[in-house]
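Given the coordinates of chain V, assemble chain A onto it according to the supplied hints.
Residue strings, one per chain:
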Amino acid sequence: MSKTFKGRPVVAGKIDKGEAVVSHNGVNTLATFQKTALLHDIPVLGKDYVIGSDQNNPDVYGKNLTGKVLCLPQTIGSTTGGMVIYTVAALKLAPSAMLFSQPIDSLAAAGVILADVWTDNSIVAVDSLGEDFLNAVKDGDKITIQEDGTVIVD
Amino acid sequence: MNENFTYKMKLTDDEVAILHGSKGETMAKVMKTLVLYGDAFGAEKFVSVAGNKGHLVTSFGISVLKPVFNITQELIDAGLTVDETFSVDPRPIDYENVKCNPLQKLIFNKILYGMQDSYEAQLKKLGIMNSNAFTCTCYMDEVGNNPKKGDILSWAESSAVVYANSVIGARCNRNSGIIELFGSILGKVPAFDLVTDEGRKAKWIIEVKTTKIPEAQVLGSAIGMKVMEDVPYVKGLDKWIGTELDDKTKAYLKDFGAATASNGAVGLYHIENLTPEAVEMGEDLIVEGAKTYVIDDAELERVYKNYPVIWKDKNATPKLCFIGCPHLSFEQLGEWADRIDDECKKQGQKKVQIRTVMTAAPDVLERFKKENKAAYNKLLLRGVNLSYICPLMYMNNPLCGGDSSNVITCSNKLRTYTTARYFTTDDITKIVVKGGY
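In order, the protein sequences belong to chains V and A. Going by our numbering, the first sequence runs without a break in its numbering and finishes at 154. Going by our numbering, the second sequence runs without a break in its numbering and finishes at 591.
Bound-form chain V, shown alone (with noise of 0.2 Å):
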């Protein structure tokens, strides 16, 4: 049965069935992003997407980020936070949304705002979700989003 919640559009847009991924922790996205985003140009070890490398978060560690609808709480850690979430946009290796239980981070904010003004490739953001979208979702599930900030967990 599928659920709805309603949250603030930060950078509004529509996806249709995304594949969720939770950390119910908050992300660290120098953590995260770093390892397959410095790898990225070097033969051989790079990929054309992102593995969550964070040791310290079991919930993305090792996981397909490219592309997925990431729900979580807030990011946390370095504040090239918004920098590395901007370059993995322009390299087309960023999740399609990030789905936030929590109101949004000054770096989470940043990262999706620079994607939306200075890519061509923006990452739909939704905050303040609530808790009870944490608990709801699990990985797998398939997310709507609609312009308004409404994300129906399928």
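None of these hints come from the bench; they were simulated from the model. Since the model is a prediction, treat every value here as computed from it, not as a measurement. Any given hint might turn out to be false.
Said to hold, decoys possible - Computed cross-link-like contacts, DSSO-like style, restricted to lysine-lysine with a CA-CA straight-line distance of at most 30 Å: (1) V:Lys-35 x A:Lys-445; (2) V:Lys-35 x A:Lys-459; (3) A:Lys-264 x V:Lys-63; (4) V:Lys-63 x A:Lys-459; (5) A:Lys-380 x V:Lys-35; (6) A:Lys-199 x V:Lys-6; (7) A:Lys-466 x V:Lys-35; (8) V:Lys-14 x A:Lys-264; (9) A:Lys-264 x V:Lys-92; (10) A:Lys-162 x V:Lys-14; (11) V:Lys-92 x A:Lys-220; (12) V:Lys-138 x A:Lys-259; (13) A:Lys-532 x V:Lys-35; (14) A:Lys-259 x A:Lys-279; (15) A:Lys-468 x A:Lys-355; (16) A:Lys-264 x V:Lys-35; (17) A:Lys-177 x V:Lys-6; (18) A:Lys-466 x V:Lys-6; (19) A:Lys-468 x V:Lys-63; (20) V:Lys-92 x A:Lys-259; (21) A:Lys-186 x V:Lys-92; (22) A:Lys-357 x V:Lys-6; (23) V:Lys-6 x A:Lys-445; (24) V:Lys-138 x A:Lys-264; (25) A:Lys-220 x V:Lys-63; (26) A:Lys-380 x V:Lys-6; (27) A:Lys-186 x V:Lys-6; (28) V:Lys-35 x A:Lys-473.
What the hints assert, rightly or not - Footprint (simulated), chain V over chain A, 3 or more residues, beta carbon under 8 Å: (29) 180-193; (30) 324-332; (31) 512-523; (32) 531-544.
Unchecked claim - Residues of chain V clear of chain A, computed beta-carbon distances all greater than 10 Å: (33) Ser-2; (34) Thr-4; (35) Gly-67; (36) Ile-104; (37) Asp-132; (38) Asp-141.
Yeah, the Cβ is synthetic: ideal placement off N, Cα and C, and Gly gets one too.
Leaving out everything else, chain A in the frame of chain V:
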């Protein structure tokens, strides 16, 4: 440009004109980014950072950040610069003091940091302070990017932001890379969160009930992981570190803060009876209904023991030790000289048995070499290398920071972002001198 763009912030006529292209298309995009950023946090207006230098987090010409350098070039091409100048995080490599083999150099020079020279040329055009202004501890007197209490800043680098907010009492949000540059170019930042009085209130009370001075990096880590982005008000720590912001205490708070910021997302903390706003306002800084976290010896031990070790061989002998993330202060360099020297005497060793690199700002290192020659010579005699690099950036090279590189550190920030294994100050001193556990 931006004619159909709707926003909630109240902009001045000049700001609206910039948004609509009065200073060119690139500046209009800069303004649009900052307005959207302010709107996301309910900022009502911009406030001026005039008179204060910026600090950028991006110090490394890493090829994969080409999209970032493309923005930087667009700014330069549009004639945009930082009027008040700025400092920037540490350089990633220093072959003279942190030696690398040819293969490691190949990765650094051709793949990882192949754009270092061109990026530094960009920084010069944008208005960097000087060629020594590469450090995460820009606020140190030797470096000279030291704001005053109440100053509004457009900085990034989580450890510098949390220090400026907490120890100096300046006002700065946890800005991301690029955003901090945009704020410095505009000379204004949106007023929200840590820039406002309300945003500086504490939502957590931390009660320190340890039987000895807590290890700064473990205490900061425990608090960061608990409170995440909230502001903590720490009680009981003044019992161990005093009520005066002297050099030793500032260094403790530097390391403590870096751990709160990297293991969580803390941008400001208050230490009862010590940090400026806590001294001024006391418990008025604590919001009603604040949560409490009690930290005792057992809690710190639990946190320390739970750090994951992601080395391929968890029992491998360490190959390299980094001390100084964030960069060490002048006083800390002297303390480390004594600590290593004493341990060598105790263990009957002439030199450290594990390659050890201590990092500090270029200007701090210059002062240390000139003004504390005894300690400097002590470190050299004991085989310690001194450098100005960012260990994290060095370890980005898979040949220098892979899971078989077996790097140890007493920095919780370095542990968080790399494969480095964390040890406390006492433990790591014994390990590097002994050559193992």
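Each hint, compared with the structure:
no.	hint	verdict
1	V:Lys-35 x A:Lys-445	35 Å, violated
2	V:Lys-35 x A:Lys-459	25 Å, holds
3	A:Lys-264 x V:Lys-63	29 Å, holds
4	V:Lys-63 x A:Lys-459	26 Å, holds
5	A:Lys-380 x V:Lys-35	26 Å, holds
6	A:Lys-199 x V:Lys-6	27 Å, holds
7	A:Lys-466 x V:Lys-35	16 Å, holds
8	V:Lys-14 x A:Lys-264	40 Å, violated
9	A:Lys-264 x V:Lys-92	23 Å, holds
10	A:Lys-162 x V:Lys-14	23 Å, holds
11	V:Lys-92 x A:Lys-220	13 Å, holds
12	V:Lys-138 x A:Lys-259	44 Å, violated
13	A:Lys-532 x V:Lys-35	37 Å, violated
14	A:Lys-259 x A:Lys-279	27 Å, holds
15	A:Lys-468 x A:Lys-355	42 Å, violated
16	A:Lys-264 x V:Lys-35	17 Å, holds
17	A:Lys-177 x V:Lys-6	39 Å, violated
18	A:Lys-466 x V:Lys-6	44 Å, violated
19	A:Lys-468 x V:Lys-63	23 Å, holds
20	V:Lys-92 x A:Lys-259	29 Å, holds
21	A:Lys-186 x V:Lys-92	23 Å, holds
22	A:Lys-357 x V:Lys-6	26 Å, holds
23	V:Lys-6 x A:Lys-445	27 Å, holds
24	V:Lys-138 x A:Lys-264	42 Å, violated
25	A:Lys-220 x V:Lys-63	25 Å, holds
26	A:Lys-380 x V:Lys-6	27 Å, holds
27	A:Lys-186 x V:Lys-6	26 Å, holds
28	V:Lys-35 x A:Lys-473	21 Å, holds
29	180-193	holds (count 5)
30	324-332	holds (count 6)
31	512-523	violated (count 0)
32	531-544	violated (count 0)
33	Ser-2	28 Å, holds
34	Thr-4	23 Å, holds
35	Gly-67	18 Å, holds
36	Ile-104	6 Å, violated
37	Asp-132	19 Å, holds
38	Asp-141	25 Å, holds
This entry does not satisfy hints 1, 8, 12, 13, 15, 17, 18, 24, 31, 32, 36, going by the numbered hints stated previously.
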